[in-house]
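Chains as they are written, first to last, in my numbering: chain A, 1 to 210; chain B, 1 to 164.
Derived from the structure by calculation, the hints contain no laboratory data. None of the values given here were measured: they were computed from a predicted structure. Glycine included, each C-beta is placed from N, C-alpha and C at the ideal position. A few of these clues could be false.
Claimed, not checked - No more than 30 angstroms apart at the CA atoms, straight line, and that leaves these computed lysine-lysine pairs for DSSO-like:
#1 B:Lys-157 / A:Lys-32
#2 B:Lys-76 / A:Lys-112
#3 A:Lys-19 / B:Lys-156
#4 A:Lys-32 / A:Lys-19
Stated by the list, open to error - If you want the footprint, here are the derived chain A segments under chain B, 3+ residues with CB under 8 angstroms:
#5 19–29
#6 79–88
#7 102–109
#8 163–177
#9 192–199
Unchecked claim - Okay, the calculated bits of chain B under chain A, using three or more residues with CB under 8 angstroms as the criterion:
#10 61–75
#11 102–112
#12 135–146
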Amino acid sequence: MDELDLLKKDWNKKGNQTKLSAKDIYPMLHKKSSSIVKTLFYISIAELVFWTLINTIPLFTSPAYREQLDHVYTNKTILAGLTIVSYSIIALFIYLLYKSYKSIYVTDNAKKLMESILKTRKIIKYYVIYNLAAAFVAMVIGLYYGIKFNPEVSGKLEHATNGEAFIIYGFLIVFTLIFVLLLWLFYRLIYGLLLKRLNRNYKELKKLEV
Amino acid sequence: MNKELEHSFVELLEKHQNIVHKVCRLYTNNYDAHNDLFQEITIQLWKAYPKFRGDAKFSTWMYRVGLNTAITLYRKSKRTINTQDFEGVAFKIKTEDYDDTEEQQLKVLYKAVHQLNDIDKALVFLYLEDKDYREISETLGISEVNARVKMNRIKKKLKTILNP
């Protein structure tokens, strides 16, 4: 007899060892789920809020920042256009995330379910990449104009030799890169831990297809 | 209306709870983890229940949601991870003197199945539950041929464990 058939015989013979009553089951319906979809949902909300705040708070709290913006974007239409574009992008991401969450069905087959979750995670990833890129560009532009329009700094830079200016710019670029790298590592850690099992199982399923 | 729905759901789950217990038995290795996973599967079943239409059998539907929760959705909480148990099992399989009695064989087999990866376990589970390859392939989202090939490989693997 096949090993598994031996197991099958025993498996079906074994009765119910644990039996819950309806009274035990009712409270379970109202407990909170701790599934990765739920966690992913909270993370994406946190991402949206975090990056929106990062981008808008200085606008309201720091007059210096506003002043700098006025310097950079002397043309009001450009500023308004950029604002509209950036909010449309946020709206687009919210829409994509919503659609993607709606397409996660626990009743799909295992592979399809994993793919829907991975797709959602990808949208969050793109949102983060977009924000990191935007933050990086804003930082570079901000630094450039900050130096240009700040008489103290630009004065100092004018007197600096080529070598010194090179060091200053180099330092700023390295600093920005380290900042971006740290954020990236942070994300790898969060999603790596959260989706470790899913990724492993998805790979295993994909392997069956080769 | 909601109460009615709740009532019908609990009644069905109570009747078919064995399926969920079996999934939990396969994917966890201690009491706390078993209950934790049972709870999560129940929540997922309940959330999906309004969309459950009578055209699928409730039990068939439970297999899918139960396995999906165990393989994909379930996030092990810290207190339920018990790696030591697992290593202990591996050690025992290697050192235990092989005994030809059926009971001993079964013991080793259960341990071996516990050591399979999540996907292999799902295949074995559906096989033990007497599901045909069409249903196995539909539940996991792989082709019928691949399900068959994989199952044969698992059988071979178990054979070598039993007859080293």
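Now for the hints, and whether the structure bears them out:
no.	hint	result
1	B:Lys-157 / A:Lys-32	violated (39 angstroms)
2	B:Lys-76 / A:Lys-112	holds (22 angstroms)
3	A:Lys-19 / B:Lys-156	violated (34 angstroms)
4	A:Lys-32 / A:Lys-19	holds (22 angstroms)
5	19–29	holds (count 8)
6	79–88	violated (count 0)
7	102–109	holds (count 5)
8	163–177	violated (count 0)
9	192–199	holds (count 3)
10	61–75	holds (count 11)
11	102–112	holds (count 5)
12	135–146	holds (count 7)
Violated hints, listed in ascending order, are 1, 3, 6, 8; each of the other numbered hints is respected by the structure.
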